[in-house]
Amino acid sequence: MNRAAAGWCFSLPAMLLIAMFFLLPVVAALLLSFTDFDLYALADPANLRLVGLDNYRKLLTTPIFWQALGNTAWFVVLGVPLSLLASLGAALLLDSQLARFKPLLRTALFAPVVTTLVAVALVWRYLFHARYGLLNELLAHLGVGAVDWLGDPDWAMPSIVLLAVWKNFGYNMIILLAALQAIPEDLYEAARLEGAGTLGRLRHITLPLLAPTLALVGIVTVSGYFQLFTEPYVMTQGGPLQSTVSVLYYMFEQGFSYWKLGYAASVAFVLFALVLLFTALQLRLTRRLGQS
Amino acid sequence: MNRRASFWLVNGALWLGAAATLFPLLWMASVSLMPGGASSSYPPPLLPAAITLDHYRELFAVQHMGRYFLNSLIVASSATLLALVLNGMAGYAFAKLHFRGREALYRLLLAGLLVPVQVTMIPLFGLLKVLGLVNTYAGAIVPAVASIFGIFLVRQFALSIPDELLDAARVDGASEWRVFSSVVVPVLRPILVTLAVFVFLATWNDFMWPLIVLSDRDMLTLPVALASLASEHVQDNELMMAGAVVTVLPVLLLFLALQRFYLRGIMAGSLKG
Numbered sequence: 093m094n095r096a097a098a099g100w101c102f103s104l105p106a107m108l109l110i111a112m113f114f115l116l117p118v119v120a121a122l123l124l125s126f127t128d129f130d131l132y133a134l135a136d137p138a139n140l141r142l143v144g145l146d147n148y149r150k151l152l153t154t155p156i157f158w159q160a161l162g163n164t165a166w167f168v169v170l171g172v173p174l175s176l177l178a179s180l181g182a183a184l185l186l187d188s189q190l191a192r193f194k195p196l197l198r199t200a201l202f203a204p205v206v207t208t209l210v211a212v213a214l215v216w217r218y219l220f221h222a223r224y225g226l227l228n229e230l231l232a233h234l235g236v237g238a239v240d241w242l243g244d245p246d247w248a249m250p251s252i253v254l255l256a257v258w259k260n261f262g263y264n265m266i267i268l269l270a271a272l273q274a275i276p277e278d279l280y281e282a283a284r285l286e287g288a289g290t291l292g293r294l295r296h297i298t299l300p301l302l303a304p305t306l307a308l309v310g311i312v313t314v315s316g317y318f319q320l321f322t323e324p325y326v327m328t329q330g331g332p333l334q335s336t337v338s339v340l341y342y343m344f345e346q347g348f349s350y351w352k353l354g355y356a357a358s359v360a361f362v363l364f365a366l367v368l369l370f371t372a373l374q375l376r377l378t379r380r381l382g383q384s
Numbered sequence: 242m243n244r245r246a247s248f249w250l251v252n253g254a255l256w257l258g259a260a261a262t263l264f265p266l267l268w269m270a271s272v273s274l275m276p277g278g279a280s281s282s283y284p285p286p287l288l289p290a291a292i293t294l295d296h297y298r299e300l301f302a303v304q305h306m307g308r309y310f311l312n313s314l315i316v317a318s319s320a321t322l323l324a325l326v327l328n329g330m331a332g333y334a335f336a337k338l339h340f341r342g343r344e345a346l347y348r349l350l351l352a353g354l355l356v357p358v359q360v361t362m363i364p365l366f367g368l369l370k371v372l373g374l375v376n377t378y379a380g381a382i383v384p385a386v387a388s389i390f391g392i393f394l395v396r397q398f399a400l401s402i403p404d405e406l407l408d409a410a411r412v413d414g415a416s417e418w419r420v421f422s423s424v425v426v427p428v429l430r431p432i433l434v435t436l437a438v439f440v441f442l443a444t445w446n447d448f449m450w451p452l453i454v455l456s457d458r459d460m461l462t463l464p465v466a467l468a469s470l471a472s473e474h475v476q477d478n479e480l481m482m483a484g485a486v487v488t489v490l491p492v493l494l495l496f497l498a499l500q501r502f503y504l505r506g507i508m509a510g511s512l513k514g
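Protein sequences appear in the order of chains A and B. First residue of the first sequence: 93, per the working numbering; consecutive thereafter. First residue of the second sequence: 242, per the working numbering; consecutive thereafter.
In case anyone wonders, no lab produced these hints; they're calculated from the structure.
DSSO-like cross-link-like pairs, simulated, lysine-lysine; straight-line CA separation at most 30 Å: (1) A:K150 with B:K370; (2) A:K150 with A:K352; (3) A:K352 with B:K370.
Take the sequences, apply the hints, and build the full model.
Below you can see the structure in the form of C-alpha cells.
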C-alpha cells in the first residue's frame, strides 16, 4: 500500500462518520426547515410537504420566539462579560509572583468546569431556594432582604448567569493564564525601572499583550453562551413567565415535545445564523482594533 | 501599596475565590448525608447533624441508579475507545500522509467547527430512527466518536513527528499500518490520553443529545436520569444531592488523576482560531 492510499484508508472511517452524522444532518436541517416535517411525516415520509419559507415567516410572527431570542441575548450580554472578567481576574491573581499554593488553587478554581451541568444546576437550584437556600441566608447576614431568585421573572435569568459564570470561568482562566505566563519578564522589569506601578504595568503591558487571546476567548465564549439549554431545562423549565426560555429550549420543546420537527429545524438555523453573524462581527472588530 | 499588603490581598482573593468555587460541591456532598428533610429547615444547616447513607441506598436499591451508572459508563467508555482509534488514525493521516484532496478536506472540516452541534440534532434523530438506533447505546455515542476537534487535536501534535522517523521504519520494510501502530502510536500517547479524557468527560456530562435519543427508562444515562428524578422528587433535596454526587464524583476523580493531560487539551484547543 502506498502512502497516499494509506492516507485515504486512515482518514476514511472518521470522514464517513462525520459526513453521515454531521455534514449530512446539517444539510438535511436546512432542507427540513422548508418542510412541515412532523409526527405524521416521521411515521410515513409520504406525509411530508414543502412549505417554502412558511416556518421562518411563522417564527418571525411568534411572540414567544422573539422572547426566547431576547432572553438568550440577555444571557449572552450579561454572562459573557462577567465570565471573562472572572476568568481574567483569577488568571491575573494566579499569575502573580506573590501567590502561594498555585497548583492547588488552580485546581480548586477549575473544578466546576469538569462537573456535570445537570448535577450542579440542581445544587444551584437548591442554593437559590427562596426559603431554604443558602444564598438568601447569606444575604440576611449582610442585612439585605431575601430575593426570590428563580421565582421572580426579573431575577431568574441573572441567577442562571451566576451558575454559568461559576461553572465556566475556569476554562478561559487556564487559557489566559498560559498567555500571561508567555509574557517575557524583561518587559515588566523595564516598566518597573521606568517607574510604572502595578496598575500601570497592567494597563500598558499585560492587557495589550493579552488582547489577542482575550478576543479569541471572547468569540468562543459568545458562541457557547448562545447555546443555552440545560440550565433552564433543569432549573426553571423556561419559567417564570417564560423569562428563561432560550432559543434552544424553544427548539427542543417544538421539536421533541410537539414533534414539529420542520419548524424546530428553522429555529436551529436562525441560531446558527446568529452565531455566524456574531463570530464574523467580532472577528472584524478584532482585526480593526488590531490594526489601530 | 507595600508588599505585605499586596501579598495578603492576592492570596486572600485567591482563597476566597477557591472557597466560592468549591463551596457548592462540598455542600452537595454534605446535604447528601443528611437525614431526609433535614435540609429543608430554617436556617439551612451547613453540616449534617447525623450522617446517614440512606439516600445512596435508596438511589441504588429503588431508583435504579446502578443501571444508569452502568449506562453512562458504557456510553462514555465506548465513545472514548472509538474516538481514540478513529481520530487518532485520521489526525495522523492529515498531518503526515499526503493524499489527494487532503487540504480541501481539512478546510471543510475547520469550517464545520462553526456549526453549533444542535443544528444537526433534528435530522440526526430522524436518521437514527430510520436506522433503528433510537434508544440504543450506539445512538447515544454516534455524534461523539469521530469529531473535528479530536482530529484537529491529534493532527497538531502529529505534525511534530519527524519524517525521518517514519521513513526509517519504511526502509526497514514496515507497512503503513505497522508504521502507525508501532512507531506513531507510542509517540502520540500523551495527546491520545488528552483526547480520551476530553471525550470521556464530554460524553459522561452530555445532556441534550441523550435526552433526545434515549427515552427508555432502562437506557438513560446519569444526567438524563438525574433530571427526571429531580422533576419527580422536587421536595427530596437530600436524595437529589446524593444523585448529584454519584454523577459528578467519577468525572471529578478522573480529572484529578489526569489533570495535566486535560489542561493541555484546553491550551491546544484554544489555538484553533
